Amino acid sequence: MATVQVSEAEKVYVMHGVRDDLRVDGRGCEDYRHMEIETDVVSNTDGSAKVSLGHTDILVGIKAEIGKPRPMVPDEGYLEFFVDCSANATPEFEGRGGEELGVELSNTLYKVFNNRHSLDLRSLCICPGEHCWVLYVDVLLLQCDGNLFDAMSIAIKAALFNTRIPKVHISEDEEGVKEIELSDDPYDCMRLNVENVPCIVTLCKIAHRHVVDATLQEKACSVASLLISVTHKGMVTCVRKLGRGSLDPDSIFEMTETGKRVGKALHAPLMELLQKEESLGKKRQKVGFLA
Amino acid sequence: MAVDMRLPTVRKQISLSGSQSTDGKHLVVPGDVITSDTGFMRGHGTYMDDEKLTASVAGEVERVNKLICVRPLKTRFNGEVGDVVVGRITEVQQKRWKVETNSRLDSVLLLSSVNLPGGELRRRSAEDELAMRDYLQEGDLISAEVQSVFSDGALSLHTRSLKYGKLGQGVLVQVSPSLVKRQKTHFHNLPCGASIILGNNGYIWLYPTPGQQDEEAGGYYTSLEPVPLPDREVISRLRNCLLALAAHKVLLYDTSVLYCYESSLSHQMKDILKPEIMDEIVMETRQRLLEQEG
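Residue numbers (numbering that gives the first Met the number 0), protein chains in the order written: chain A, 0 to 290; chain B, 0 to 293.
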């Protein structure tokens, strides 16, 4: 993980700031840095999104492919996650340096997103037991400046919203051999219902309080953080503790409450923005990577 | 809680009427032919390509008689003797500390070039060497001056003055070294209620203006008392202003920082870094700087 060094005195300064509800960059404990979201940035994917949160930059691309459903759940499709830590983000990721972090991140993403509560996996089914859509979700970390999980979950939700899966028609001939036909019309496609896709909120415990959207510096001052994924209704779908330190039950409870409140409030502006972007359509000038 | 989500916008170049344009400057990008005249000498940032002098970095062409160099716009810190730097200790070694100063190689701070507590000049004993980590340990921030430059370009620092030494509570802002204006003094007590060290290496230290200093400690004592909230607010605002100025490539020195601080006062601290507000504040600052010059 990209880390920064912090001296003792700086730590004390950050901790006292959090106590006074005034962080180093002027934010309160529950404020996010401003976020820029753009979808449909990679043309050779079925859905893509780029999110920048402070200096954290994340690109998500989703590719849909036809695969075989899992034997346990023959009538559902599934998602595959892969997180690539680019050496552009920090030289530590060079070679195999980012692999460990990438695996950790993608395992968390499986827990959070790959279940029937967050996404209607049945809609990905083409032919029960034989064919289903597999969504390959590729996450690329372009820059790391803390709070990877939150930015990643928002990028994934935006990319899922943007995903268009071509409609398929199944025809059966006399011998019972099924044939799958993909629609040629690019506008004849299926959209995913992203209503229940959760957003992740990471809360960092600093001294006696907790903050959301911690920068790398703040992360270096905290011993433990709690990751909570929350749906738009405020339902918690996954809780994980990150970091070496320990949290006492009281603070876990407090943090969960904050996480629920903050997480719930993330969805409305996100959906509003995604809908606004879609309504602008082709009129909007694409910014992409040259902002 | 506040979440601000938006669509990215293309950053426009802000141009001020009457501001100097890039006309007078010879700017090049890598691969640009500077001259095909063979009468010139090849300096830093250039190479010969088919008898033509070509730029290898993006920057401004500088000519001294027959020598042509390109001074890069974005670069690591190239230290010169006398530069004020802010750096972070990365290693404690035999009789020296290694300091990260945004230069290509880590700088060196020798035990013999620091003032040890007590203030008096004394020989460095073996005990001093054993206690080095008590003075400065890994991660600590220091302010120092460049004493000499080694042949490989690494810097040797010294803190032989009471104004240099270990830094206590405050905020570090990192910008490009080419944005810090060279001045007579890089230590300022700003009238808005905080102090600033503008390191030539692009590391800028913001800290609450100290009261009277305890000279006995020789600069190795750091107060861990909480900084009062008003001081914090000023420091956080200054931090965001510095980042806003740096994002718009405005030269940083006491006046520009102060003007930016004053123009930001009408906005909330956490809003300063939002693109449209940043544009507005920086625009106002540049206007005032122009008025002051002319």
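Mixed in with the good hints there might be a few duds.
[Unchecked claim] The calculated label-pair distances, taken between Cβ atoms and stated as ranges, are:
1) B:D48 x A:E178: 56 to 62 angstroms
2) B:R75 x A:G233: 56 to 62 angstroms
3) B:S55 x A:G287: 51 to 57 angstroms
4) A:R260 x B:K162: 43 to 49 angstroms
5) B:D36 x A:P185: 55 to 61 angstroms
6) A:E98 x B:E261: 35 to 41 angstroms
7) B:R75 x A:G280: 54 to 60 angstroms
[To be verified] Some, not all, of what chain A presents toward chain B, calculated at C-beta under 8 angstroms:
8) T2
9) E35
10) L100
11) V102
12) S105
13) N106
14) L265
I should point out that these hints are in silico values taken from the structure, not numbers from a laboratory.
Computed from a predicted structure; not experimentally measured.
Each residue gets a CB set at the ideal place from its N, CA and C atoms; glycine is no exception.
Query raised in the report: Given L100 (chain A) as an interface hint, is the shortest Cβ-Cβ distance to chain B below 8 angstroms?
Result: At 22 angstroms from the nearest chain B Cβ, L100 (chain A) fails the 8 angstroms test, so the hint is violated.
Query raised in the report: Once the shortest beta carbon distance from N106 (chain A) to chain B is found, is it less than 8 angstroms?
Result: violated, 27 angstroms
**Report entry** Restraint satisfaction for T2 (chain A) [CB to CB of chain B, less than 8 angstroms]
**Finding:** violated, 11 angstroms
Query - Range hint 55 to 61 angstroms (beta carbons of D36 (chain B) and P185 (chain A)) holds or violated - result: holds, 56 angstroms
Query raised in the report: Between R75 (chain B) and G233 (chain A), does the beta-carbon spacing fit 56 to 62 angstroms?
Result: The hinted range 56 to 62 angstroms is violated for R75 (chain B) and G233 (chain A), with Cβ atoms some 48 angstroms apart.
Report task. Just tell me: holds or violated, for the beta carbon distance of R75 (chain B) and G280 (chain A) against 54 to 60 angstroms? Result -> violated, 44 angstroms
**Report entry** C-beta pair S55 (chain B), G287 (chain A): status relative to the range 51 to 57 angstroms that was hinted
**Finding:** violated, 28 angstroms
Query raised in the report: Is the interface hint for V102 (chain A) satisfied, with its Cβ closer than 8 angstroms to some Cβ of chain B?
Result: violated, 29 angstroms
Query - C-beta pair D48 (chain B), E178 (chain A): status relative to the range 56 to 62 angstroms that was hinted - result: Taking Cβ atoms as reference, D48 (chain B) and E178 (chain A) lie about 59 angstroms apart, which means the hint holds.
Query raised in the report: Taking the closest Cβ pair, is L265 (chain A) under 8 angstroms from chain B?
Result: holds, 6 angstroms
Query raised in the report: Hey, does the E35 (chain A) contact hint survive, CB to chain B under 8 angstroms?
Result: holds, 4 angstroms
Query raised in the report: Can the suggested window of 35 to 41 angstroms be confirmed for the beta-carbon pair E98 (chain A) and E261 (chain B)?
Result: violated, 49 angstroms
Hints 2, 3, 6, 7, 8, 10, 11, 12, 13 from the earlier list are contradicted by this structure; the remaining hints agree with it.
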